[in-house]
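Using the sequences and the hints, build the whole thing.
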Amino acid sequence: MTSPTLPIETSRLRLRTFAPADLDALAAYYSLPELQRYLDWKARDRIEVKAALDSMCKDVSLNRPGDTISLAVERKADDVLMGQISLRWHDATAAQAEIRFAFNPAYRRQGYAAEAARAALDLGFNEFDFHRVFARCDARNSTSARLLKGLGMRLEAHYREHALFQGEWDEELHFAILDREWLRSPKVHEFSEHRVA
Amino acid sequence: MPFAPNLPIETERLLLRPFTRGDVDAVFAYRQREDVARYLFDGPMSYESCAEAVQARIQQVSLAAENDRVTLAVARRDDAVLVGEITLIWRNVASQQGEVGYVFNPVFHGRGYAIEATRALVELGFSGFGLHRIYARCDPRNTASFKLMERLGMRREAHFHEQTLVRGEWTDEYIYAVLAKDWRGQSASG
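Residue numbers (our numbering), protein chains in the order written: chain A, 1 to 197; chain B, 1 to 190.
Please note that a few of the clues may not be correct.
[What the hints assert, rightly or not] What the simulated footprint calls covered on chain A by chain B, stretch by stretch (three residues with Cβ under 8 Å from a Cβ of chain B suffice, anywhere in the stretch; the number is not a length):
| no. | region |
| --- | --- |
| 1 | 141-151 |
| 2 | 158-167 |
| 3 | 171-181 |
[Stated by the list, open to error] Label pairs and their calculated CB-CB ranges:
| no. | chain 1 | residue 1 | chain 2 | residue 2 | range |
| --- | --- | --- | --- | --- | --- |
| 4 | B | Arg-141 | A | Thr-5 | 34 to 44 Å |
| 5 | A | Glu-181 | B | Ile-115 | 28 to 38 Å |
| 6 | B | Asp-35 | A | Lys-76 | 37 to 47 Å |
Keep in mind that the hints were calculated from the coordinates and are not lab data. What you are looking at is a predicted structure, and each value in this text was computed from that prediction instead of being measured. In this text, a Cβ means the ideal position worked out from N, Cα and C, and glycines have one as well.
Given below as structure tokens:
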């Protein structure tokens with residue numbers, strides 16, 4: 001495993017590593033109730049957001065299971081930081097990664113999250129040769145569930161009360177897709193020409 | 001505070017008891033079999049591996065920390081013959097999650113020993129240990145195993161596709177689960 005070829009550009013986005021200067025943009029959306037509802041990391045005040053950002057600035061390569069690559073998602077037109085996406089080399093099993101993402105609600109409904117997710121799946125399957133990539137979301141988070149399904153991911157698990165989340169029993173969905181399923185998808189060919197650093 | 005269940009546990013026809021060194025032959029009898037090992041993570045086991053496993057199990061009679069397990073021999077009460085093994089693993093402390101596992105000797109299949117033993121183990125997990133949710137996993141090709149989970153009243157919560165490499169082969173996995181409140185509901189209605 002290595003450091004990927006970055007930044008990644010798609011038709012409208014740039015996926016790049018994080019930098020300390022991203023603090024304001026990050027703080028703008030981390031604190032929003034819509035995100036706090038489903039985020040499972042602490043980031044309620046500026047100090048916690050800075051801690052999260054410091055950590056993400058170091059997530060630039062995958063050297064061993066458990067490592068994460070965290071990418072800031074910018075709009076190329078105006079360099080606005082709209083959200084983030086990450087790939088974590090899942091530590092329990094070989095050749096598997098988890099994809100996670102969070103976007104500022106101000107930039108929703110324009111397909112940015114899906115575009116970034118497709119680039120991240122390309123990265124995971126084509127550059128890192130993962131066999132399987134999965135994503136988790138709360139069963140009540142229909143926006144995320146719809147996005148994951150739209151990527152061609154398959155709903156593989158629906159857990160009930162298998163973990164406490166923010167003090168309440170959760171209901172969690174797992175979506176997943178295999179390398180051979182992603183590479184066959186026509187969407188991949190549409191975007192492959194955009195995988196240019 | 002460790003949870004040390006009162007052992008042995010008696011069911012109608014079975015004794016669920018700690019392992020002893022004398023159990024190695026009986027365990028080897030089924031653990032060496034290809035048909036038993038086919039859908040398990042370890043392949044068929046050698047006598048030495050069985051002896052080591054049994055030795056470890058002698059201590060596995062209480063739950064003190066996350067990922068501790070209680071592993072019990074399942075023996076017939078009338079003739080003391082060892083028919084299989086069952087395990088309860090404390091998978092998550094904060095969310096009180098447990099996992100059950102079991103392996104039975106095919107020679108004794110078809111008599112309902114597996115359901116009798118696993119039912120007692122799940123009951124121990126909920127009533128004795130206070131777990132919130134108990135799950136079990138198997139290869140989807142292992143029909144006998146997931147049929148047992150269904151008879152226990154577990155719900156299939158996951159079908160993972162090619163999630164694990166088992167002895168060089170990408171393998172699917174089923175996860176079945178039951179919540180304490182559903183289990184109690186089952187017993188209440190008989």
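Practice problem: Check each numbered hint from earlier against the structure, then list the numbers of those it violates in ascending order. | Solution: As far as the earlier hints go, 1, 6 are violated by this structure, in ascending order.
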